[in-house]
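Listed below, chain by chain, are the residues.
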Amino acid sequence: MLKNYLKIGWRNLMKDKTFTLLNVIGLSIAFGAAILLAMSAFFDMSYDKFHANGDQIYQVYDVAQTPRGQEAGTSQPEPFAEALRTEVPGVEKITRYLQDGGLVIYGEKEIDLNTVWVDADFFSMFTFPVLKGNEHDPLQDQASVVITESAANKLFGNEEAIGQTINIMINGKEEPFTVGSVVGNVPPQSSLEFEVAVRFEKNAEYADTKGVWDSQYHGVYVQLPSGVSAERFEKNARSFTELHYKESMEAAKRDGAMPDADGLYRQLKLLPLKDLHFTGYRKGYAEVSRSVPYLILGVAFLILFIACVNFVNMSIAKSAQRLREIGMRKTLGAQKGQLFFQFWSESLFVFLSSMGIGVLLSILLIDDFKSMFRTRISLDMLAEPWAVFMLLATILTITLTAGGYPALLFSRLGTIQSLKGKLEASGNNLVRNALMVVQFGIAILLISGTLVLWGQVQFMRNKDLGYNKEQVISFPLNGKKNGHEVLRLLKDELNGNPDILEVSASDNNLGRGKDGSQWSSAIGFEHKGRNIRTNALTVDYNYISTLGLQMAQGRDFKSEADSLGVLINEAMARQLEEKDPLSARLEVGSETGLAILGVVKDYNFQGLDRAIEPITFFMGEDMELRYAYVKVAPENMASSFDAIEQTWKKLEPNAEFLGSFLDENVDRTFQREKTMATMITSGSIIAIALSCIGLFAMSLLIVAQRTKEIGVRKVLGASVASITVLLTKDFLKLVLIAFLIASPIAWWFSDQWLQNYTYKIDLGVWFFVAAGLLAMVIALLTVGTRTVSAAAQNPVKSLRTE
Amino acid sequence: MLLQLNNIFKWVQQGGQRVFLLKDINLEVEEGEFISVMGPSGSGKSTLLNVIGMLDTFDEGEYNFLDEPVHQLKEKHRSNLYKQYIGFVFQAYHLIDELTVYENLEMPLLYKKISGSERKAMVADMLDRFNIVGKKDLFPTQLSGGQQQLVGVARALITKPKLILADEPTGNLNSKQGEDIMELFKQLNDEGVTIIQVTHSEKNAEYGKRIINLLDGRMV
Chain A
28 MLKNYLKIGW RNLMKDKTFT LLNVIGLSIA FGAAILLAMS AFFDMSYDKF
78 HANGDQIYQV YDVAQTPRGQ EAGTSQPEPF AEALRTEVPG VEKITRYLQD
128 GGLVIYGEKE IDLNTVWVDA DFFSMFTFPV LKGNEHDPLQ DQASVVITES
178 AANKLFGNEE AIGQTINIMI NGKEEPFTVG SVVGNVPPQS SLEFEVAVRF
228 EKNAEYADTK GVWDSQYHGV YVQLPSGVSA ERFEKNARSF TELHYKESME
278 AAKRDGAMPD ADGLYRQLKL LPLKDLHFTG YRKGYAEVSR SVPYLILGVA
328 FLILFIACVN FVNMSIAKSA QRLREIGMRK TLGAQKGQLF FQFWSESLFV
378 FLSSMGIGVL LSILLIDDFK SMFRTRISLD MLAEPWAVFM LLATILTITL
428 TAGGYPALLF SRLGTIQSLK GKLEASGNNL VRNALMVVQF GIAILLISGT
478 LVLWGQVQFM RNKDLGYNKE QVISFPLNGK KNGHEVLRLL KDELNGNPDI
528 LEVSASDNNL GRGKDGSQWS SAIGFEHKGR NIRTNALTVD YNYISTLGLQ
578 MAQGRDFKSE ADSLGVLINE AMARQLEEKD PLSARLEVGS ETGLAILGVV
628 KDYNFQGLDR AIEPITFFMG EDMELRYAYV KVAPENMASS FDAIEQTWKK
678 LEPNAEFLGS FLDENVDRTF QREKTMATMI TSGSIIAIAL SCIGLFAMSL
728 LIVAQRTKEI GVRKVLGASV ASITVLLTKD FLKLVLIAFL IASPIAWWFS
778 DQWLQNYTYK IDLGVWFFVA AGLLAMVIAL LTVGTRTVSA AAQNPVKSLR
828 TE
Chain B
65 MLLQLNNIFK WVQQGGQRVF LLKDINLEVE EGEFISVMGP SGSGKSTLLN
115 VIGMLDTFDE GEYNFLDEPV HQLKEKHRSN LYKQYIGFVF QAYHLIDELT
165 VYENLEMPLL YKKISGSERK AMVADMLDRF NIVGKKDLFP TQLSGGQQQL
215 VGVARALITK PKLILADEPT GNLNSKQGED IMELFKQLND EGVTIIQVTH
265 SEKNAEYGKR IINLLDGRMV
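Line order of the protein sequences matches chains A and B.
Just so we're aligned, residue 28 is where the first sequence starts under the numbering used here, counting upward by one.
Just so we're aligned, residue 65 is where the second sequence starts under the numbering used here, counting upward by one.
Keep in mind the hints are simulated off the structure, nothing from the lab.
Glycine included, C-beta positions come from ideal geometry on N, C-alpha and C.
Any given hint could turn out to be false.
What the hints assert, rightly or not - To spell it out: a stretch of chain B is covered by chain A in this simulated footprint if at least three of its residues, at any positions, have a beta carbon under 8 Å from a beta carbon of chain A; those stretches are: (1) 113-121; (2) 136-146; (3) 173-180; (4) 230-236.
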């Protein structure tokens, strides 16, 4: 029986190769795309899930009420972890965690490795299996380090790593360490990344911050005993917070902060490790959002849906040609179940082969996909049992719905009617039209999403950030020499070059440089009885002019001698609430305080998703400089860039040159948006292509069904144009309805997304009109080719074939 | 008695009015009969045939087939009944284009769940009997109309039915081919198969032992 079904199924498929091809191509593309997208979404969602104790590990963060509203942060002071362990019951294990670049020196090699500074518990909390060396408590000894396999390869090549001595630059001095253990490379789905792990006590800030509660600079992770809930621990920790943050809580109360729902001014909270990758603190609380992987899954689902709609529509439309077979089979005693099974097994056949091709496609395209979307998925994921299970479950669901619906319709047809070859009601057309509306709605939704995303990315790229990003190159001072010293050498070396206009430095980069680092540092102090909080930046004296920043008031730093003064930006000036900010002194550091020399016009030193925050510029020989800024003439930029690189190589022969123009750095900060935009764009292109395949197939069928009508109309004198309009009109109506339904939804989603940005485009109606028009034009072209040729046919011919 | 129709009515609602397709039909058919149903277009011939074949339902009346009350049977039971006892021959042959002659003949047996070897034997037997062994691997479109109808009759006969229902079996054939089919029916009838055929042609109707005339859904 099954053989008979498959035989007739196969012959039917072969009889109409165009349709089979359209169906299989569409479904294969959809499966391929959906597999890749789903893989990247599941990859994203599997972040930090590989730790054996993962369910009991939390990141500690605190939520503080301030006069500016609620603020949340993960930075903790040095004594915090130890105090928490001893004072609050229920800490099984705890580790401080500071991630920083570290210059590792082994013989002639100087390599900047991703270094973390952690406590001894780190390796017993998190699952990073030891491959070689000390397996238990690898960091017990402060003079030993743990490195990953790849770091071992970089440093020692094929030599044995265990027992080797390496030097790490700490506070400008080389300090020796012994390699105690080698662990496997950190899995790609890990938020905690490192190549070298060193004891926390060795970090550069440790000596200055030991026992100091108001210098917060590292994260803390705790592991609770099983059975202790995070809520209970958070409650237990309230008295701890009362004790250690008494002053700051009182200051907040004094400055007019409102208590939170629990009546508290500061609370310690725990964030589950699983949520780490998806959490942001920008809004003043831990905002866990998995919307990106869900969005990707959503796009995958929509693409599959469109392809399935094609299949359903084509099957139903094609059923007209098989009505006699259905009727005859019923006459010969076929029952509903048997007919259902026959048609369903046919669709299963199509789906299985498309799925096979889809898997092949995804294997072929995975490398392009990875580089395009910057995901680190691998094909091994496909071989895992749950993936195979997912694939099978998907195909079963899809065949049962997309294959089952037409099969159900066919099996229910009346015997006599199907023998006569007539479809009963126009009910099928309603379903078909509804499906096509949904299909085009999805396409329009994705197109408008694409337009809005790219609009915002272009906007952010072109926005005037308040500084000169086109002419300035920044690079990290990642060599052995002290920042101030190397800056002086740089200035001397580059002095003679007419294309180099100015050289300066600061302790932070603008945007995201090639080294991939991005951080901020902030300080708080009392000013006239109020707490003031500002970002802090250490600069060289000509930073303002090198970056092309504008002064609003007062003067710039004139020379290195101005180190007792500071510059502030307008936002800071507003926060100080001084009539004349230039007369104020900031009580930071020295007893006498620092004079405000000038006010810099506001500029976007952070991402465009934030409003401009207060910032204060400090200068001083005792403060570190980490990035050099070089302003070059607009001519010969490439050769200037080379000249800078050469100079750097000369000054620091062992360090890598990681320079890039600031506009590139700014671009890098939009990586997430760009990836998302690329993904949505590809999704909408596929969606449109699939919808067109479906539309094309439908136009073929409808034209075929209406051949007689066309013939009669032509005999009665209709023109080619009027018939084309007649045939095309119905399709365009569907696109129009789809537009009316989809654009409000698209508008809502775009608006929601844009709320994340302080600086954003206006959500004009044109984005949606353009998307609708695009869909309309594409539909018109797809249907038009077929309808025009049908309309142009000789009526005698079409009447005769009827 | 093979079957018995008592006061059968069938109607459709059209513009709020009942239009009768069959009106008070009373018919008894004995085994071994050969009945021709005649009447003008729209008189209800095909409808009557479909009702007898259980392909179509009726609105009022009783229908007993081999002492089974058809009007009380469930769909599944009914389909088992006609699957076993009734064979259909259509004007437009209704062979399945995607299947070969052999496979078309085999199909009713598949639905009767007959084993593979038995199927083979029965199909071979039928091919032999109708002299179409050489055509068994051809598709219906490769045959002439007469040959297609021959396959159609062979397919109807393969399940060894008691009753053959033929709806204008010669309507699409030329006179020579038509005559061949009618001769075949006569021969089958002589072998004991009951036949009810619908026809327009007086000449073909003469092959029947009894002629029923229909007009506007009534027997006259």
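**OP:** Just pull the numbers of the violated hints for me, sorted ascending.
**Re:** Going through the list in order, the structure violates hint 4 alone and respects the others.
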